[in-house]
Structure formats: structure tokens, C-alpha cells
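Enquirer: Chain by chain, the residues run as shown.
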Amino acid sequence: MKLVIAIIQSDKLEQVHQALVDNEIFRITVSRVTGHGQQTNVDLYRGQEVTPNLIPKVRLEIAVNDKFVEPTVSAILKGAKHGDGEIGDGKIFILPLEECIRIRTEERGGSAI
Amino acid sequence: MKLVIAIIQSDKLEQVHQALVDNEIFRITVSRVTGHGQQTNVDLYRGQEVTPNLIPKVRLEIAVNDKFVEPTVSAILKGAKHGDGEIGDGKIFILPLEECIRIRTEERGGSAI
Amino acid sequence: MKLVIAIIQSDKLEQVHQALVDNEIFRITVSRVTGHGQQTNVDLYRGQEVTPNLIPKVRLEIAVNDKFVEPTVSAILKGAKHGDGEIGDGKIFILPLEECIRIRTEERGGSAI
Amino acid sequence: MRAARWVCLISLALLVCHTPQVMAAGHEAAEPVINSGTIAWMLTSTMLALLMVPGLAMFYGGLVRTKNVLGTMMHCFAAMAVIGVLWPVVGYSLAFGRDVGGGWLGWDSGLLFLNGIDTSVTNGLPDYVLVIFQSKFAIITPALIAGAFAERVRFRGYCVFIAIWFLVVYAPLCHSVWYDGGEEGGKGYLLSQGAIDFAGGTVVHISAGVSGLVAALFLGARRGYPRTAMHPNNLTMTLIGAGLLWVGWFGFNAGSAVESGLKTAQALTVTQVAAAAGALTWIIIEGCKHGKATSLGMASGILAGLIAITPAAGVVTVKGALVLGSVASIASYLAIAVKNKLGYDDSLDVFGIHGVAGMLGAILLTFFVRTGDMPVNDHKVPHTIGQQLFIQFEGVAITCVGAAIVTLILLWLIDKTIGLRLKQQDEHAGMDHSLHGEHGYGLLNLN
Amino acid sequence: MRAARWVCLISLALLVCHTPQVMAAGHEAAEPVINSGTIAWMLTSTMLALLMVPGLAMFYGGLVRTKNVLGTMMHCFAAMAVIGVLWPVVGYSLAFGRDVGGGWLGWDSGLLFLNGIDTSVTNGLPDYVLVIFQSKFAIITPALIAGAFAERVRFRGYCVFIAIWFLVVYAPLCHSVWYDGGEEGGKGYLLSQGAIDFAGGTVVHISAGVSGLVAALFLGARRGYPRTAMHPNNLTMTLIGAGLLWVGWFGFNAGSAVESGLKTAQALTVTQVAAAAGALTWIIIEGCKHGKATSLGMASGILAGLIAITPAAGVVTVKGALVLGSVASIASYLAIAVKNKLGYDDSLDVFGIHGVAGMLGAILLTFFVRTGDMPVNDHKVPHTIGQQLFIQFEGVAITCVGAAIVTLILLWLIDKTIGLRLKQQDEHAGMDHSLHGEHGYGLLNLN
Amino acid sequence: MRAARWVCLISLALLVCHTPQVMAAGHEAAEPVINSGTIAWMLTSTMLALLMVPGLAMFYGGLVRTKNVLGTMMHCFAAMAVIGVLWPVVGYSLAFGRDVGGGWLGWDSGLLFLNGIDTSVTNGLPDYVLVIFQSKFAIITPALIAGAFAERVRFRGYCVFIAIWFLVVYAPLCHSVWYDGGEEGGKGYLLSQGAIDFAGGTVVHISAGVSGLVAALFLGARRGYPRTAMHPNNLTMTLIGAGLLWVGWFGFNAGSAVESGLKTAQALTVTQVAAAAGALTWIIIEGCKHGKATSLGMASGILAGLIAITPAAGVVTVKGALVLGSVASIASYLAIAVKNKLGYDDSLDVFGIHGVAGMLGAILLTFFVRTGDMPVNDHKVPHTIGQQLFIQFEGVAITCVGAAIVTLILLWLIDKTIGLRLKQQDEHAGMDHSLHGEHGYGLLNLN
Ligand SMILES: Nc1ncnc2c1ncn2[C@@H]1O[C@H](COP(=O)(O)OP(=O)(O)O)[C@@H](O)[C@H]1O
Ligand SMILES: Nc1ncnc2c1ncn2[C@@H]1O[C@H](COP(=O)(O)OP(=O)(O)O)[C@@H](O)[C@H]1O
Ligand SMILES: Nc1ncnc2c1ncn2[C@@H]1O[C@H](COP(=O)(O)OP(=O)(O)O)[C@@H](O)[C@H]1O
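If you read the protein sequences in the order shown, they are chains P, X, E, C, F and V.
Letter by letter, the first sequence follows residues 1 to 113 of my numbering.
Letter by letter, the second sequence follows residues 1001 to 1113 of my numbering.
Letter by letter, the third sequence follows residues 2001 to 2113 of my numbering.
Letter by letter, the fourth sequence follows residues 3001 to 3447 of my numbering.
Letter by letter, the fifth sequence follows residues 4001 to 4447 of my numbering.
Letter by letter, the sixth sequence follows residues 5001 to 5447 of my numbering.
No wet-lab data here; the hints were simulated from the structure.
Only a predicted model underlies this, so the values are computations on that prediction, with no experimental measurement involved.
Ideal placement from N, C-alpha and C gives every residue a C-beta, glycine not left out.
The reader is advised that the hints may include incorrect statements.
Unchecked claim - Capping the alpha-carbon separation at 30 angstroms, the derived lysine-lysine pairs in DSS-like fashion look like this:
1) C/Lys3416 to P/Lys78
2) E/Lys2002 to X/Lys1002
3) C/Lys3423 to V/Lys5292
4) P/Lys2 to X/Lys1067
5) X/Lys1002 to E/Lys2078
6) E/Lys2002 to P/Lys2
7) V/Lys5289 to C/Lys3416
8) F/Lys4292 to V/Lys5423
9) P/Lys78 to E/Lys2078
10) C/Lys3292 to F/Lys4416
11) V/Lys5416 to F/Lys4289
12) F/Lys4292 to C/Lys3289
13) C/Lys3416 to V/Lys5292
14) F/Lys4292 to V/Lys5416
Unchecked claim - Just the calculated beta-carbon pair ranges, DEER-fashion:
15) P/Glu106 to V/Gly5419: 58 to 66 angstroms
16) E/Glu2086 to P/Glu107: 36 to 44 angstroms
17) P/Glu49 to V/Gly5110: 52 to 60 angstroms
18) F/Gln4425 to X/Asp1022: 14 to 22 angstroms
Stated by the list, open to error - Far from chain P, by Cβ distances over 10 angstroms, these chain F residues were calculated:
19) Thr4119
20) Ala4163
21) Ala4229
Based on the provided sequences and hints, a complete structural model is requested.
Expert: Okay, structure coming up:
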């Protein structure tokens, strides 16, 4: 099992979610984060263009069984890109996941994902 | 060492925290997340029943030494269930943790947990 | 590759960020979390000193190539300490990271970090 | 109606201040006589009506998604800026200038930039007072429409839309309902028919509701609607907005008495009662149907009650207010249920609440008119309920049809020229970022 | 006191508008004479007092936990809906109908639905004006109580509680303190004793404070209290709420002069001064004790000052206001410290602030009464300080005992029948979700 | 200017209420005659001006970083507490006591604690009314300065600073612009020169703007400025704050007419028009320059317009208001661009907006003065535009130089004694935590 963590642009959440559902990944956990990368995002403040060092992003956390890793990644890649890819489109991180437990049934392992 | 990540229902935070303390797990980090799973949660919007696709949840992150993994899991299971377990009660993920460093003292490993 | 997760005090974010940049770590993801550890933080509520069990913290997530692990850790240690280290200064967790994908270019592995 | 009342009530006010002509003659005869009490209340009403703009911004702003909160609030503030300038420049002349268009249009080049009335005092009240009081109605009406196409219009297109809409829909309606130029000046068409519209049921709420409906249908639904749940970003703000609207409505309705006297007190009393009745009814409906009374229901009920009493505030009694408030809540509740069935996207239910409660108030009020407040026909005989009902229906129908057609043409024109609907990408990114380069809640991110 | 003042002050007002009877006789004698200035101010005061409801909703709403913010604000808005309907239907008749219960109860079936007074004008003021002004007092009082049992009551039980509480506690108290029916109508009991309660110290604040205390004790603490820290979810909202309350209080206190004249100006001045003194005192205390002045301390001090001056606003001078405001802050600060020692859960310190500052104001005012404002006995001799002190104590004591006993019975009845305390699971989940099916801050979650 | 107008306008008001002396003589001669309409409006204005304090707290509070939101709002509320107490105790005597310092200082020990005027009525208006109306100006001015050194001052130092600043800068300026003691009392210096400052352009906005600039330069920039972006934490709050400021400004400006009559209506009308013109201009500039109109731009434009019209409200016509509002927005926009170039940290642009728009309004108004409102010289001949322009320049210059020098000395003294600048660590941690022991938005964290 793997834990896929993706940092994406806020406006792409809907598309990514849709792409995941299309690939039969139904369970995700998302949160608001702020990111600092290559991207520079321009805000206006009283006529001045301001480049904040921290830009709002969305973080997805998806636990998947091994064979679902690639479908998940490709769904995210599909949904998260602006055009052919723009700076700031984000990253996907894949971590090993040792155990997964469904609280409701206490079942463990792959079936609990 | 392991990193235990749990996604639970917001109203169970207090009970889970209590259960953890009872099992001598004192240090945790929590955050607000939004989850999408099997659960459907009904909100009202001008007389219409609305089923949001993203439901507020709480995410716990607990770094523990190996022998504390099971106590932690059982504490969460105990505190997080609604009755005998309801859809939406959440998940527990266990990740390998290679190193842990206490910033204050710079000590590393199990004793820093 | 490793995923470095650090929980630090909110007021140290700026210093930590600066220290990371000084060590040539430019990409990070941060979020607001609430932590419970040894620290007791006093708030006032109508003349009463209140000790909340959950204290606002900042969580950093930094994916790095292996040789950058120590520079990252030392930068965080440098930036996050209050004086010689105070209770509540936080923790650093290091997790194994199997894969990293840059969404924009779809490149994988170390170069995508 | 109203203008007619001014004359008679202000004469009464003068009466109270006694034989002013004689008095004034004693001292410099040139000094116009003023009624400080009436002025005090009318200025207070003006301020209250202005308070409705931030109130509405809060109400609407809280209901949209986080990424559109500023854009939605800006719709209200933009009305304050755009109409706030247009009104003194040309709007007042169109609405309250001497009738030149068969009761549908005014014009008086002497009123451009309010030139001619800098020191005019009519019946104890400086002309400026009514100009500015009326300006608030002109500001709030286009802002109301914005709720119907929330979260999906371009800011530039919106500004042009409200500016022109104000000139071609609002100004004529306002003229027709409220302009009374006496012998020489002519009279607004609906006013001359004897239609009762105390504080703008037709002019403000029906016209905004219908135009909103047309705009919502013309522009189409928000992307993702209704599949994606579109959660209010801040119901506490919406609730406070509803509270401020209630407060501001006192100025709107009680100020429309254009005096500080009995009629004012009556208008304020029924306004308060109808709002409470509307709110109570809505939460009772929800309590019975869902077992839960919502805060948005409370706010919606307040609004429905206030809207229904608007055309009726000066002419019905407390019992009438209780009935109008309750029935308006029921009707709006049902109208929204129907909307959900039909599936069109009137985002913040401008038609469902303003349109429906406004029409209902304009028509139902007939049954509760206080003896003595029924308009009279040419022979000074009060209308029968049937006659008045017909007139009220006529007013509502003309407003609906007129507003709908003109709005539709206007939308089409703007959409073809500068564009109104937001581009897909901008809609996804949210208006705050794509149109205004800002974020409503910086607090959400670390800074 | 107040009613008595109406008569004399309004006669003065008429004086200013001169010989109206004669005048009016000259022209259509039927037209009642009105005082437009007084009406303007009284309507403004009414609006200001209404503004206190959203103000209180913000103040209270900001202090509870995030999951209860809407539920808490709904307590204030529900009072607006429930009492807003009850007051014109039956409440006014109970409070201001002809005395039928030994100075403790009024009744006049002609006032049901405000039937009889649709066009009444008394001493230049339409009756409606006072009806609606008074309605705000009736609305705000039950809403105040809600702070004592915040975060743990069922919405339905709460609505029933405030409805009945209003009828059996508020209406009698209001009648006893403010009803003056002249020769035939009788007089409220406390009024006839000569108790000074300018703007509702006993009726509003003491009665709410004591009832809140009883309710807090009866219902028990919130689950987890005081072990778990219960953080205010939005102190910015609380602070703005305190600001709006300050503004609204001007209407509350200065409107209670029921005129627009010297007494009004005096009441407004001391209100302003006492609020500032209360706020300054509280932050000085905190600064000395903790080295940090809190925003909640600022807000609490503002409230304590405003509450203490409420019964005294019309009768004390600026020096008295400075003293009352400061002492109220000190007393409330201490009262809350004592509460924390005792460990009961008066969640938002309704008793600690409203109860304590209210009592203190009602009693201490005796020492600062302006010469000429001291009530007179049957022989027209002003009371001595000792005599007045006794009367003030009596008023406070009766209010406390009466409100406590009746509230207790009422709580018991409701708890046994429809239930008042929230179920454990619902309390954990929060009122917003479990009772209202909503979330206050959608912005917290992605949407 | 203003004081002079009181006399003449109130006599007019009395005129309307006719031959009061005769009347009053007929009945108990002791009773002072009051003008209830004027009182009603002046009290309403007072309330509106008070509303500006929470309005400003919202405006400023929303613009700083999350960790400083409460601390910034507390700056506004602290002014309410500190000056709210100082004004009745000693401030009024300094500002409106008999002239003792060559037109720059008043003193009347009989006015300490407002002792002597508890029942005074002058020209139909209780003295208290003006005392309390004026107190709002005294409160808001120091609060405005706080924006210039937002996010980096200690609370204690700030409180001491505003207290002394009020005594040594505000009170003399206020005396010099508005005090008119007639024959015996003397006259304020600027007033005697014939300077026009209707509602406080120099006294309030220029003095606050200049003092803010000096303070910003003296204290230095926030740590991290301008490298780190300092995002507004809550622009929705800022926008609502701007809305409340607009509403409150009606009291500020129209109340400064000290009557309820034609001048009041004129002042209110141009205030509304200038605000709308300012807002529209700013968003047009932004739209042209960046393709995006921001909500902060809207709010800034509203403010610029309101500030520019403040000194001019009573004397210019609608056209003048349109010009003043627009030009003020352009000038403020440019001023802020210059600031960004120069790199000093006037955090919330107190000088860029209040200072610049204030000066501009004070000077430009000369070209739009209504015939008949131009001040006259000793021979009763109205000033020429050139003469008046010189006087206006003189007023602005004196205010700037005086405020700057005294503020600088004061800052130096406080910094050397109790300390003003926040310690580095506390600045990093944020004022809310380090100075007030609280968090503005508890909702951000789980609770
Ligand atoms: N090594 C990393 N560790 C943690 N977060 C990262 C890392 N690299 C990128 N991110 C996150 O991804 C976001 C997008 O990164 P950015 O560098 O702008 O994109 P790109 O790599 O496409 O140029 C950043 O804002 C940050 O939140
Ligand atoms: N595979 C997963 N990856 C990430 N988050 C998950 C996953 N499965 C469940 N979750 C989280 O747990 C929450 C509860 O899941 P749900 O499916 O409703 O519960 P259950 O498994 O008991 O039916 C979800 O809202 C989501 O946040
Ligand atoms: N084992 C742990 N698991 C998860 N979070 C932890 C753990 N230990 C510490 N933390 C986080 O670090 C923060 C600081 O910990 P604390 O115990 O106060 O510091 P210290 O270890 O220096 O005494 C906590 O508030 C918590 O958020």
C-alpha cells in the first residue's frame, strides 16, 4: 500500500477530484496548505503588485493499494495541469504505507483502503 | 518508530484525545481536513437537503515508538467510533518513521518521540 | 529521497524559512496545525489564565534528496529554537519517500524534488 | 401616491409649526421655512438605507463560495460607486424630472448635476433630502439583482450592466410609480392609476427579482451546479447581514412616509412585525419539515417578511403585517422548492425571495388596506377591493413584463459586446483571484 | 418614573411647539398634533435598539466554540422572531394594559394585535412609537439570558423558554416598573414606590442576569467544563459586537427619555462616559494584574459600564457616570473571579456582568442623583438618600427573587416536557450541525 | 466658521419654532426652549460618528496580518476608552474653554468633568449635545494615526501616546479651528483667519495623516518590510468597515452643520457624491492600470472621497464634490505609488490617504465654494478665491508643521521612557499573542 500526497493548485481541485473518481479512486482527504516553490503569484495591494512568498495550495492525501498507484498518479496529472503544465502546478509524493485500518469495522490491510 | 495518521469525525476529537491520554500517548498534532469517502452528510440549504462531496474531518498525526503502535491504534478505535461504527468514522494509516528529532534538545530517535 | 515533516512554533516560521533558503532549500509546503505536547501556553479569558490543551503550530513538509536531509534538519534546528530551546519548540520527523513527481513536467525522482 | 402624500403630510407638519408664512414674513421673508424634525428623520432614513448596502454585501457575500466572496461583495459596493455617481449626474433628472414620456420618463436638464436645487426647499424639506434618500433605492436595486448571477459574471460587464439597467429599467419605473409633478409637471403612469407602492415593492423588489430571473436563465448555471454542493463560506456574516438589512429597512420603509409623524410610526411598526412574522414562519416550516431550523432560513424569512411589507408599509395594520409576513415566507419557501425542481440557477434566490415576496405583498396588501388609506378615483370615491386588486395586478404585470424584456435585450447586447459571463478557467479559479487579484480571507493561509 | 416623565417632558415639548390646541382648532380640529423632532429621535432610538440584536449575536457568537457559533447567534435572532411576534399580539397588552394585578400585571383586550392604537397619538407621539421602542427591550432581554447556558440547549426548548419567560417574568416586571396609567389606569408597583430605573436596569439586566444564573445552575456545566479550554472562535466578531452594542445603547438609554431634549442629551452623555470609564478600568485592571490588556476585557468593560449606567442614565451627572462605570468594571471582574472559584458554568458571564453591574448601578445611582431628579414622596418632598437607597434595594431584591423563582419553575417544566438540555452526542457534535444542519464558517473547508 | 454658523442657523431654527422667548415667558420662564428636531439629528450624528470607531477597527483590522488583528482593532477601541474618559474630564475644557492662549488654547476650570453645563441649553441645543458630538472627533483622530505604525507598537506606549497627543496636538488644533467664544470668549486662531474647515479636514485628517507619517518614519518599518508580503488577513472585514465608515461619515459631516436644515442636507448630499466619485475613480484607475479592480481599491477610493469632502462639505456644490472625490482618489493613488518607491512603511497609508486627500480637499475646496458661503473679511466683503486660497494654505501649513514637530517630540519622549516599538520577538509572535494573550480567530484551530 502507498500513501500518495499531492500538492495542487486550488482551482484544480474539482478537476482532479473528477479525474480520480473516473479512475475509481473514491476516497481522499484534502486540506488547505500554503506552498513555496518556483511559482510567483501576483496579488494587488493598493496599486502595488505584491508577490507573496507563500501561495495557497491544496494538499491531497490518498491511501491506495499498490496497483492503484499509477491510476491515481495519472488522474492527478490529468486533472492538475494548467494547459501543458505551468509553474506552480505542484508535486506528487509517494510514501510507503505499512498499515491501513478502517475504524468502523476495524478491518486492516488492503481491503480497508 | 511509526507515524500514525488518523482521519476521524470532528465530534470525536475529544474522546479520542482522552483515550490516547489514558493510554499514555500525550503528544499529538491535529489539523482540519475535508474528506471524501462513503459517507454522505446532509446539510440544509434553504429547505433543500444538500449532500456535500467534501465533509469536514479531523486529522491526527502521532509519532510513536514501535511498542506504542497498538495502544495508539486501540485508543483511536475506542474513541472514534460512533456506536458500533458508522460510515464516515474514518481511517488509520501507519507509516514507517525513520527519524525523529526534538528541536529543543536536538536529541534523536526513540527518546525524542 | 526523504520527506521531512517539522512541527514548529508559529512565530518561528519566518526564521525557519530564511534558514532553509540560506541552505538552498527553496521548496516547502506549510500548514496550520494544532499540537499537544509538553508545552503549556497561557491565554487570558476574562481575567482567568487558560491553558488550552491544543496550541497553534505550523507544520512544514519538505521533500528532499538524501544528501539534503542534514542541511534541512540543521536549518530547521537553527531557525526554530527559542533561545537555547524551549518546551514547545517542536519536532522533526523524517519519512522515507519512494517517489516524487513534478506535475508540470511529469518528470520523476530526485530531479523532480 | 407617495408624492401626493408628501404634499398633504408636509402641510400638516407645517400646521404644527404654525402659521409659518406670517412668522417668516416678520423676519427676513426670503428664508425658507424648514421642518427640522422631518429633516432629522429623513436624513436618518437615508443613512439607514445606505447601511443596507454593506448589509446586503454581508448577506450575499456570506452565501457564496470562499473563492468568490470579495467578488460578490464588490457587486454591492460597485452599485454604490456607479449609481452613486450616475444618480446626481443624470438619474434624478430622468426619474424626477418633469414628465416627458407619458408617465414613463422624466427629463429636466436643469436637474443634471442637481444644479437647480442646491438651495431649494419644498414644503419644509430641502430638495436634496429626497434626492439623496431616493438615491439609496436606486443603488440597492441593481445590487439585489447581482445575487441571481452570483459567482459567474465579469466585473466590467456587471458594472456596465447595472449602469444601463439603472437608466433604462429603474429610472422609468421609479418615475412611473413615484413622480408627482402636480398640475404642470404631470404624473407617473402607475401613480396616476392609483397603484399602491409605499416603499418600492414594484420598483425595487419585483423589478430586481424578475430581472434577476431573466439574467440567471440567460447566463446559465454556475459550472458544476447542481452536482457540486456550493457551500456558503460564512453564514455568520450572512446572519449579521440580515440583521443590518432589518435595521436598514426601517429607513427604507419608514422613511418613505417622507415625514416624521403618524404614518412614519405606522410604517415602522408593520415593518418590524412583518419581519418577525416572516422569520418565525420560516423557521417553523423548517422545524416541521426537517426537524432543524437553519440560520439561513431565519435570514430568508426576515427578508421575505420585509419585502412583502415594503409596498404595504404605510397602508396596512398590524394584523395585515402578520399575515403578509407569514404568507410571504411560505410562498418564498415554496418558490425555492420549485426552483430546485426546475433546476435553473438563481444562485441566491433573488426571484424566489424578492420577486415572489414582492409580488405577493403588492397584491395581497389590497385586502388589508386601512380605511382611509385606500386610493380614491377621480370622483374622490375610494376604490373597492376589486378595483384596487386590478390596479395592483396591473402594476405588477407591467413591471414584470417591462423589466424582463428590457433586461433581456440589455443582457444580450452586453454579452455580445464586452462580455458578461466569466470564462471557465476564471470561474474555477474564483472571482476574487481572477477578477480582483485578492483573497477574501488571508487568515486562511499562513502570513 | 419614566412614564411620569413622559407626561411632563412631552408637555414641555408641546410648549415649544406652542399652544397647539388653539392652533389645531383653527384648522381641522381632528388632526392630532405631532412633535416631529421627538418622533425622529424615538424612531432612531428604536432602530438603534434593534441594532443591539445583531450586535449581541456578534458578541455572543464570537465567544463560543466554532461548532456552536450559529446556534448561539440564532438564540439572539430567535428572540427577534418569537418576541417580535408575541409583543404586538399579546405582550404589549400584558405590560402596558390597564393595571389588573396590583401593579404587577396589565390587561387590555383592546390592545391585542395593537388593535386599538392604530392611529392614536398621545402628547404628540403616536402610540406605535413607544410600542415599538419598548418591543426592543422585550426582545433583547431573553436574548441576554442565552449567554448563560450557551452551547448546551436545544433550539426548540429555548424558543419555548423565552416565549413563556417573556410572558411570566418580563411582562410583569416591565409593567411594574414602567406602567403609569394615570388616575384610572393605575400604576406599576415599583413605579409607585418611587424606584428609579431609567432604561431597564432591573427589568432588563438584573432580571436577565439572575435568570441566567438560575438557568446555568439548573442545566449544569457544558461537558468538559472547566477541564477543556473553550476558546472563543472569533474575538474580532466579539469586539465589533461590543462596538455595535455601544452604539445601540445610545438608543436604549437616550431613547428612554422619550423626548428629544435636555434629558435625552444628559442620558446620552453619561452613557458614553460610563462606557469609556468601564472599558478603561477593565483594561487597567488586566494590565496591572497580568501585564496584558485583552480585547475581551475591553469588550467586557464596555458592557459593564453601559449596564451600570442604564438604570441611572437620566438622573446622574458625568462624575457619577465615571464612578459607576469604573466600579461596575471592578465588581464584574471580581464576580467572574469568584465564579471561576466556585466552578459553575455561566458560560458568557451573564450574571457576572449583567447581573452584577445591573445591581450595582441600580443601588449606587442613589448617591449620584442630580438635585431635582430625586423622586418625591406623597407630600412632594424629595426622598432622602437613605429612603431612596431602601427603595432601590427593594426593587433589586424583588426582581432577583421573583425572576429566580419563576425561572426555576419554568426551566423545570420545560425540561420535563419538551426537554432543554442538549443530548451528549449533539453537544459534542456542536449545535450548528446537530440542531441547525449548517456550518458557520464554510470557509474553513475547501469548497 | 462652524461656531459662527451655529449662531445664525440656530436662530433660523428658532425662527421656525417662532417667537420662543415670548412663548416661554408666558409659561414658566425658566424652562429653556429646545429644538427637538435639531437635537434628534445631532444625537443621530453622534451615534453615527461613534459607529465609525468599530468601522475603523474593521477597516484597519482586516488589513494587517492574522497575528495582529486584535492588537490593531484594540488601537481603535483604546481610543474610545482613553479619549472617551479624557474628553469630559479635561479635554473639552482645553478645546472649548474660554481662549487663554492666543487662539491656540482654551481653559475653563468650570468645564472640568463637564461640571458647569449639566443643564445648559444654548440656542435650543443642550450643551451636552455638542460636547458629545465633538468627543467623537477627538476619539477618531488618534485612532486614525494607529494605521501608520500598525503591527509594531506596544499597547501601553500607544495608550500613553494617544492620551498626550490628544492633549497637546488635537486639543489646540480643535480650539483654533472651531472655538468661537463671541465677544468675551475670544476666537480660535484659524477660525479668526477665516479658514474653512467644515467637518475637520485639518483638525482630523491632516493632523492624523502628518502625525502618522512622522510616527512611521520615527519608528521604522515592520521587520521584514518590504521583502515579506504582508497580506491582509480579512478583506471582507475591511470592506464592511469601509461601508460602516461611509455610513458614519454622514454623521461626521452632516452633523457638523449643527442643525437639521438646508446646510445639513447639502453636507450630506455632497458627502455621498464625493464618496461615490472617489470609489469609482479608484476602481477605474486600477481597471485601466492592472485590468483588475480590487476591493481594497474600492475601500480606499471611498475613504479618499470622504476625506476630501470633509473640510468642504458645507460649502461646495455637487459638481465640486464630484471633482474633489475624483481628484482625491487620483492623488492618493499616486501618493501610495510614491511611498512604495521611497520605501518607508506607513503601514495602512494614513498619510497617503488621510493626509493627502485631506490637504487636497482643504485647498481645492476654494475653487468650488458656493456663492454666499465664502467667508467675509472684517469689512463684510467676501474673500476672493486668491485670498481664501492663501488662508487655506496657511491652515494646512500650520497644521502640518505643528502636528509634525509636536508629534516627533512626543514620540521621542515616550520611546525613551516607557518604550513604543515592539520587541523583535514580540513582533514576530504577533501583537495578539504577545500583548493581549489572545488569538483573533480561534476558529482557525480546532476547539
Ligand atoms: N520539495 C518540495 N517539498 C515540499 N513541497 C513542495 C516541494 N516542491 C514543490 N512543493 C509544493 O508544490 C508547490 C508547487 O511547486 P512549484 O515549484 O511552484 O511547481 P513546479 O515544480 O511545477 O515549478 C509548491 O508551492 C509547494 O507547495
Ligand atoms: N483511502 C483513503 N485515502 C485517504 N483518505 C481516506 C481514505 N479512505 C478514507 N479516507 C478518509 O476517511 C474518511 C472516512 O471515510 P469513509 O469512507 O466515509 O469511512 P468508512 O471507511 O468507515 O466507510 C473520509 O472522509 C476520508 O477523509
Ligand atoms: N510524538 C509526536 N507526535 C506528533 N506530534 C508531536 C509529537 N511530539 C511533539 N509533537 C508536536 O510538537 C509540538 C511540540 O511538542 P512539545 O512536546 O511541546 O515540545 P518538546 O518536545 O520540545 O517539549 C507539539 O505541540 C506537537 O504538535
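Enquirer: Work down the list of hints and note, for each, if the structure agrees.
Expert: Right, here's what the structure says about each hint:
no., hint, verdict
1, C/Lys3416 to P/Lys78, "violated, 33 angstroms"
2, E/Lys2002 to X/Lys1002, "holds, 15 angstroms"
3, C/Lys3423 to V/Lys5292, "holds, 15 angstroms"
4, P/Lys2 to X/Lys1067, "holds, 23 angstroms"
5, X/Lys1002 to E/Lys2078, "holds, 25 angstroms"
6, E/Lys2002 to P/Lys2, "holds, 15 angstroms"
7, V/Lys5289 to C/Lys3416, "holds, 24 angstroms"
8, F/Lys4292 to V/Lys5423, "holds, 15 angstroms"
9, P/Lys78 to E/Lys2078, "violated, 39 angstroms"
10, C/Lys3292 to F/Lys4416, "holds, 21 angstroms"
11, V/Lys5416 to F/Lys4289, "holds, 24 angstroms"
12, F/Lys4292 to C/Lys3289, "violated, 50 angstroms"
13, C/Lys3416 to V/Lys5292, "holds, 21 angstroms"
14, F/Lys4292 to V/Lys5416, "holds, 21 angstroms"
15, P/Glu106 to V/Gly5419: 58 to 66 angstroms, "holds, 59 angstroms"
16, E/Glu2086 to P/Glu107: 36 to 44 angstroms, "holds, 43 angstroms"
17, P/Glu49 to V/Gly5110: 52 to 60 angstroms, "holds, 58 angstroms"
18, F/Gln4425 to X/Asp1022: 14 to 22 angstroms, "holds, 20 angstroms"
19, Thr4119, "holds, 55 angstroms"
20, Ala4163, "holds, 42 angstroms"
21, Ala4229, "holds, 24 angstroms"
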